[in-house]
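S.K.: Chain order of the listed sequences is L and W. The first sequence runs 1 to 440 under my numbering. The second sequence runs 441 to 773 under my numbering.
Keep in mind that the hints were calculated from the coordinates and are not lab data. Incorrect hints may appear among the rest.
Okay, the calculated bits of chain L under chain W, using three or more residues with CB under 8 Å as the criterion [unchecked claim]:
no., stretch
1, 38 to 46
2, 241 to 253
3, 411 to 419
In the DSS-like style, the derived pairs of lysine-lysine whose C-alpha atoms are separated by at most 25 Å in a straight line are [what the hints assert, rightly or not]:
no., chain 1, residue 1, chain 2, residue 2
4, L, Lys288, L, Lys228
5, W, Lys765, L, Lys228
6, L, Lys386, W, Lys658
7, L, Lys355, W, Lys460
8, L, Lys288, L, Lys274
9, L, Lys395, W, Lys658
10, W, Lys763, L, Lys425
11, W, Lys763, L, Lys250
12, L, Lys75, L, Lys87
13, L, Lys47, L, Lys10
14, L, Lys188, L, Lys114
15, W, Lys763, L, Lys386
16, W, Lys765, L, Lys226
17, L, Lys330, L, Lys288
18, W, Lys584, L, Lys386
19, W, Lys584, W, Lys510
20, L, Lys228, W, Lys658
21, L, Lys274, L, Lys56
22, W, Lys508, W, Lys558
23, W, Lys765, L, Lys386
24, L, Lys49, L, Lys75
25, L, Lys425, W, Lys765
26, L, Lys114, L, Lys274
27, L, Lys226, W, Lys658
Computed from a predicted model, the values in this text were never measured in an experiment. Glycine is no exception: its CB is placed at the ideal position from the N, C-alpha and C atoms.
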Amino acid sequence: MGGIHPEENKFAHPIKLEDFLIPQQVVMFATQHLGAPSTVIVAKGDKVKVGQLIAKGEAFISANLHASCSGTVAKIDMVSDIAGLKKQAITITVEGDEWEESIDRTPDIVSDIKMEKNEIIACIKEKGIVGLGGACFPTHVKLMIPDGKKAQYCIINAAECEPYISIDNRIMIERGEELIIGACILRKALALNDVYIGVEHNKQEAIANLQQIATKYSGVHVVTLKTKYPQGAEKQLIKSITGREVPAGKLPIDVGCVVDNVSTALAVYEAVQKNKPLISNYMTYSGKSVANPKNYRVRLGTPLKDIIEANGGLAEDTEKVISGGPMMGKSISNINSYTIKGFSSLLQLNAKEAKRLEPQNCIRCARCVEACPMGLEPYLLSLLSKQNRLEDCEKEQIMSCIECGSCQFTCPSARPLLDYIRLGKNRTGGMIRARMQQNK
Amino acid sequence: MNTLHISGSPHVHTNDSVKKIMWTVVIALMPALLCSIYYFGINAVRVTLISVAACVFFEWFIQKFIYKGKTTIGDGSAVITGLLLAFNVPSNLHWAIIIVGALVAIGVSKMAFGGLGKNIFNPAIVGRVFLLISFPQQMTTWPKPITKMSEFMSLDATTGATPLAVIKSAMNKGEDVSALTSQLPDYMQLLLGDRGGSLGEVAAAAIILGGIILLARKVITWHIPVSFIGTVFVFATILHLANPQLYIAPSYHLLSGGLLLGAIFMATDMVTSPMSAWGKIIFGFGCGLLTICIRVWGSYPEGVSFAILLMNAVTPLINKGFKPKRFGEKVVV
Chain L
1 MGGIHPEENK FAHPIKLEDF LIPQQVVMFA TQHLGAPSTV IVAKGDKVKV GQLIAKGEAF
61 ISANLHASCS GTVAKIDMVS DIAGLKKQAI TITVEGDEWE ESIDRTPDIV SDIKMEKNEI
121 IACIKEKGIV GLGGACFPTH VKLMIPDGKK AQYCIINAAE CEPYISIDNR IMIERGEELI
181 IGACILRKAL ALNDVYIGVE HNKQEAIANL QQIATKYSGV HVVTLKTKYP QGAEKQLIKS
241 ITGREVPAGK LPIDVGCVVD NVSTALAVYE AVQKNKPLIS NYMTYSGKSV ANPKNYRVRL
301 GTPLKDIIEA NGGLAEDTEK VISGGPMMGK SISNINSYTI KGFSSLLQLN AKEAKRLEPQ
361 NCIRCARCVE ACPMGLEPYL LSLLSKQNRL EDCEKEQIMS CIECGSCQFT CPSARPLLDY
421 IRLGKNRTGG MIRARMQQNK
Chain W
441 MNTLHISGSP HVHTNDSVKK IMWTVVIALM PALLCSIYYF GINAVRVTLI SVAACVFFEW
501 FIQKFIYKGK TTIGDGSAVI TGLLLAFNVP SNLHWAIIIV GALVAIGVSK MAFGGLGKNI
561 FNPAIVGRVF LLISFPQQMT TWPKPITKMS EFMSLDATTG ATPLAVIKSA MNKGEDVSAL
621 TSQLPDYMQL LLGDRGGSLG EVAAAAIILG GIILLARKVI TWHIPVSFIG TVFVFATILH
681 LANPQLYIAP SYHLLSGGLL LGAIFMATDM VTSPMSAWGK IIFGFGCGLL TICIRVWGSY
741 PEGVSFAILL MNAVTPLINK GFKPKRFGEK VVV
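Let the sequences and hints guide you as you build the complete structure.
M.R.: The structure is reproduced here in structure tokens:
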């Protein structure tokens, strides 16, 4: 149900992956995941190697962080992230490229999975793997199925439904076998025999490549999905592959599903088979005014400015710089920040496509209702939120909104529907939490 | 150095706008307008120009001098109201009556509620019904289509009854309606518009063509026209089969009168029709049922306008009662 067809603009689709050069200095935010903050375990002046643990995730929902470059810790202080918020960060002055000896840096593909279920999960935790689709939720937590629940489907999210972003597509084409082994490791960690890789129809080369490799591995299913935004939203992907609908307020595991994205599966492969921690991220650099779009592997903590300047700086007509896709990504207010885990793209949008138009009266055309993949009524939710009618917001299921932006995209009156819905979600969530506290 | 802007997502927007939607509707109305000019000559041009000009003027005037705000006449919605109002009146109507209709349509039905998007009732229909009640004689004196090119520029016209009025008067007299066929236009005439009636409703084929344009450009969905026309067809068929002497064949119900114009262009008005798919189907069903009741048992020969207005009134209730199917409602074991 619902969904929209924004301009695809996949300019970087045919561009081969390349390693972005190692910067002179990297700044690594200590906490790059969703969950409890990590504790920094290095001090100023310490020498570090690539892959050395520098911040430890001690809580259950937390993640380790490893040095992405070798060199000396120059300082540990508060640095602004892409939104301008100050966060603890470790600055490393880069000297050479010296790796931990235990890491297998050969290009050989290791297809034999030796580790057992629990060893795999421990290894994923140790290597600091988080969900690289954007949320950065620690992957090992997802793999530890709570009592009373049962995993029935292991799904790899390869939909890549956001416009512009092409990085998962390149990984499927160039690192397909490693990706499939990574998927098999995830399936083993869940004690399942099958894994489903869902790819949108517009990535034919990737589909053909994966299908060919999948013949060598039993129980690996490459599923072609309709090209439609938001096909890659977790709940929509689960519905497309299994026919199951995750009920409102529930998690994928409540319908027996665990979903990981392409980059995550590749990181899992490297962690388990090559003993390599998560020290880099794969990202697309693109935009209508970018002469040469790129698909990079970038060390964590690389200055965004380095990437922009290596490509000739920002174009004249740049209105917004986006981290992530144009539908759900964040507009960057501070381009003097640094790459982090899950940083899947850096986009330049021009004024013509990204400028907000002046809102007009709602003409009740119902396009937002048709576009909503969750079956909600965005026009109504934004109105209720504007009037601060939080009980009504809750009754109309505002908390089910996945913030995909389809409603606002499709609105002919250019109304800021999602802005109001986000605000309403926030306040309604606060109201619900306060009520639960009271009832305790 | 560039100035970068920030905002919440999404950062891109569809190319569509209110303006584009409204002008698409105007274009979709063109085939019917051309047909009406063909059949009613210069009079059709006269009525249409007066109606459109009056509607746009009143919208501009009220926005400028009463709201003292920005004028939005460029969005084309007043032009649509003007065209639809013209389509719903006889082509020999006095100019002053048209202007009164435009004032009621724009002033009372639209601007008094707050302008585009805020009105409860379809402005053109409110204008038309106001005129029908206030000037019943002028509003039901229908010119016959012109037969010679020499009549094209003539402002006078010979008048006659509409097919539905012929049927109604026979029903009231208790005559056998199945014997009326010779007095009624044949199907080809109904399709092409060679009959008496309001300006824009006469040529069924032109209206259907406009509907196809609207569907193709995704301005309307199929729900309301299909359920509206389908309901009229089903009930008219049942009545006709039950007693062919008393009730006319369903094809006359579909092709004569304002059913097609109403179902395709007026009941589908976004502002005054329901939001969800099921809501739209219920809305169309209600319109169809009321239309057939008024046509068969009411005192007016035509019931589309009243039916749509009555269903406009319950649209907020329909919106409350018929929600889209929420994702995750289906229980999965």
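S.K.: Between the alpha carbons of Lys584(W) and Lys510(W), is the straight-line distance 25 Å or under?
M.R.: Violated - the C-alpha atoms of Lys510(W) and Lys584(W) are around 43 Å apart, more than 25 Å.
S.K.: For Lys226(L) and Lys658(W), compute the direct alpha-carbon distance and say whether it is at most 25 Å.
M.R.: With a Cα-Cα distance of about 20 Å, the restraint between Lys226(L) and Lys658(W) holds, given a limit of 25 Å.
S.K.: Measure nothing beyond the straight line between the CA atoms of Lys330(L) and Lys288(L); if it is 25 Å or shorter, mark the hint as holding.
M.R.: Roughly 18 Å separates the two Cα atoms, so the pair holds.
S.K.: Quickly compare the C-alpha distance for Lys114(L) and Lys274(L) to 25 Å and report which way the hint goes.
M.R.: 12 Å, holds
S.K.: What's the verdict on Lys763(W) and Lys386(L), does the C-alpha distance respect the 25 Å limit or exceed it?
M.R.: 21 Å, holds
S.K.: Lys765(W) and Lys228(L): Cα distance at most 25 Å?
M.R.: OK: Lys765(W) and Lys228(L) at ~19 Å, within 25 Å.
S.K.: Below or equal to 25 Å on CA atoms is what counts here, so check Lys288(L) against Lys228(L).
M.R.: 21 Å, holds
S.K.: Does Lys584(W) pair with Lys386(L) here, judged by a C-alpha cut-off of 25 Å?
M.R.: 54 Å, violated
S.K.: Is the Cα-Cα distance between Lys49(L) and Lys75(L) 25 Å or less?
M.R.: 16 Å, holds
S.K.: Given the hint that Lys395(L) pairs with Lys658(W), test it: the Cα-Cα distance must not exceed 25 Å.
M.R.: 31 Å, violated
S.K.: Holds or violated: Lys425(L) with Lys765(W), Cα cutoff 25 Å?
M.R.: Between Lys425(L) and Lys765(W) the Cα gap is close to 20 Å, so the pair holds against 25 Å.
S.K.: Are Lys274(L) and Lys56(L) close enough, with their CA atoms no more than 25 Å apart?
M.R.: With a Cα-Cα distance of about 21 Å, the restraint between Lys274(L) and Lys56(L) holds, given a limit of 25 Å.
Of the numbered hints stated above, those contradicted by the structure are hints 1, 6, 8, 9, 13, 18, 19, listed in ascending order.
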